[in-house]
Amino acid sequence: MKLAKTTMAALLGVALSLSPAMAQQDITLKVASFAGPFGEALQKYAFEIFTKRTGIKVEVVYANPADHLAKMIASRGREAPFDIVALDDDVTALAKDSGVLAKLDPAIVTNLKHLYPEGKDKDDMYATMFYFSMGIAYNKDKLKAAGIPEPKSWNDLWDPRLAGHVAVPDIINIQGRDFVIQMARMNGGDESTPEKGIDKIAEIKAHSYYSSSSTLQAQMESGDVWMVPWNNMRATAMADRRLPIGFVIPKEGGIGNTDTISLVAGSRYPKEAQMLINYILDPFAQLGMAKLLPTGPSNMLVAAVVRADTELARKAPATPESHKELYLPNWTLFNKNLKKATDHWNRKIQK
Amino acid sequence: MGNVVLRAVLIGAFLFLLAPIAMVVVSSFNGVGVFAFPPQQFTTRWYREIDPGYYSALYVSLVVATVTSIIATIVSVPAALALARGGFPGRNLLSSLCLSPLMVPALVTGVALFQFSLLFWDVFKVTLGGTITGLVIGHLTFAIPFGVRAVLASHTRYDLSIEEAAESLGARPLQTFFQVTLPILKPGIVSGAVFSFLISLDEVPIALFMGGGSATTLPVKIFTAIEISFGGDILAVSSIIVAISVVAMLILDRFVGLERLFMSKQ
Amino acid sequence: MGGDGKKWGVFLLPALATLSFVFIAPICILIVLSFYQMTGPAVVGDEASLSNYVQFFSDPFYLRILWNTFTLGGLVVLFCLIIGYPVSYFLARSNSRWRGFLLFLVVSPLLVSAVVRNIGWFPILSNSGLVNWLLLESSIISKPIPLISNFTGVIIGLVHALLPFMILTLTTVIQRIEPELEDAAASLGAGPVTVFTQVLLPLSIPGAIGGSLLVFTMAIAAFTTPVIMGGNRVLVMATYIGQQFRTVLDYAIGATAAAILLILVGLLTVVASKLGARKVEAM
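Residue numbers (the numbering used here), protein chains in the order written: chain A, 1 to 351; chain B, 352 to 617; chain C, 618 to 900.
Think of the hints as simulated: they come from the structure by calculation, not from any bench. Heads up, some of the hints might be wrong.
As the list claims (entries may be wrong) - Listed below are the simulated DSBU-like cross-link pairs for lysine-lysine, each with C-alpha atoms no more than 35 Å apart in a straight line: (1) Lys339(A) - Lys537(B); (2) Lys891(C) - Lys348(A); (3) Lys142(A) - Lys760(C); (4) Lys140(A) - Lys760(C); (5) Lys760(C) - Lys251(A); (6) Lys476(B) - Lys96(A); (7) Lys57(A) - Lys476(B); (8) Lys537(B) - Lys336(A); (9) Lys624(C) - Lys537(B); (10) Lys476(B) - Lys122(A); (11) Lys891(C) - Lys537(B); (12) Lys271(A) - Lys537(B); (13) Lys144(A) - Lys760(C); (14) Lys196(A) - Lys760(C).
Modelling step: build the complete structure from the supplied sequences, incorporating the hints.
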């Protein structure tokens, strides 16, 4: 590409004068985050308070974690597209290995020392925000009407009576990757042989392949989708709204996931960005997110409160002990095979 | 008999054309399971839940569309005049060159600009992607050809003897240009500018690759939201856009004529 | 003003300079990129070759994407013709006072954002949406037909988006056919079907081809509608290119696919405009 670069330099020298010099007076931090309830929780329990206390504005960029990573990698070595990024643990591992994250300074992110040891990265390239789990969500009314028992095993998703009513998570999301790994494990494989899981998943007569939890939520509400591999957060939130939605960790075991927060390499305001990260890890925000989403907090300071909360324990892997009962995928191994997995998914599932 | 069939087909076709637009509005008031029919519960909650980010995205869209169509008009009017009147060599080739972006799928232009902005940073250390400047650059690719084509089209009916008459009556060249040429070409210029503005407001593939962060246009914001969080609030935003479009449509039909606007697009 | 001096060339410069910067340079870079190989996500190697193109045209996976794309374009054209022809015939022949209003209705959807129009299909086409509800209530079907988030959904979305263009083209063409020809054939005893197949259809074929090429080109170039209506399930050239650049970060193969789409669409546009030109000359 050297040729292209030099050609362009020659061709476009004039054009420089076109782009106005940007003089930045106030600081605005850009945070790349998930959309939906999580984004709202961050806004409510971290950003608003942070802006009120420091005068630093916060702007949120919503997209899938995979899209955030793509943006960071595409602009690697250039100006960062955002200062802070919230990711699922599968993408976090990939981001760390791709060198697009920057080290957190424990002197600024003082809450780092209060995190559970397993929630800390040994290189401090990210901090765990919370724990959640992946199982099966289902529409109780629809199953009852069709005479199908409530699911207990992952294999129940292949029930022929469910044809056209199962939503399958797309491999772009962590739910999809969890599902592929779980199915690979149940079919004599592991993270290095995603094709074993994908071949099995391709046999599901799917209603659709979801990448948006909100779309899925609307389809669950309307009764289009009866059963779906999903995380505990939205499913239990729907049950709280008195909708006939159940959530179960199948007998073969559920999968444990975490969401992390990191400083992006090349951020223009690393100090301010880390101050904000510290707010997100603060006990106040941790409890707020745990109740609202619901999730298991990563900050040890709130452990006593969480242990006393039986309702939260029912809805989420609230303590690291309960998190350990779930299977924790080896993301480094899976990510080495991600290209193979995506390719196999394209060929098997996309028509 | 044939008449009945024809009438049924006609009604069916028009229902088909209008159905999704009407349904956006109806469903935005549906309380439970927004994709289900019949609607179960009337609510205005989705309208209250609209993320303020959509309003700032609308602002970005309006700024980009306005700047784009102004620059495109300034650049394309002289170009179209030159192509219509000039006797320089290679005029046909240059004319195809000016219109060529319209032959390229917007997605291809979008990914090309994305790569271009990465290389541009490597060479000049200036960020184009994710800025308003980047969006305007992206949208000029179709706005300039639209402008050139619209002015060229209105120039074919142009009678040069009017200008000669003006000059023989002692008008200076500039005076002739502003008082004779421009007013006659005005319909073409206006329809080119309006068209660029409208396409810019609605465009996704280019703005998807050139925008991002605070430079996210409204259609891109909705487009990405469909992928990650598609719910009732999106239907509410869409209904507001429908309402605005209907008003814009009526105004345009009054002053420009919708039929002519789209006939000239082909 | 006026005259044919070479001085006019100067007025072209601003447009040419701007287009070189915003369009020609990026497209050249993209084409150059299609000859390189990736050495990692978003990392372009140093050696140029034709191997991306060889890979594209020899792997059945890519050929299937190409096939899907053409099938999509073909089906969209077919449905646009079937729905568009009667509407155009009515608009061309009618003296009804509704004509102006109906023409307004044909073009008005074009002014509503494409993204919004796609969204409107969800409550209509989803499993518990309007269409399936009607079919289920009237016992025509016993379980919902999937009409969205698949290939069918993409076709419906594109037919809706492109039908106005087909109608406008066909209306112009049918208007140019003398109604007296139909009357004459009818007075000689030809039934409506014969009049249609023997008189109307042959005369409107050039216009139908022009409109079809236009719709086909726009259908295979479309990106927004296949992404929204396809629900991550439909792989055509446009969705594949988008995926490579946005998430997989294989810029080289993405650029190759983009270059191939660019050439296809460019050729079709040239053919369409040549046909159109001949049509106008013949008039």
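| task | Would you pick out the hints that fail for this structure and give their numbers low to high? | result | 1, 2, 8 and 12
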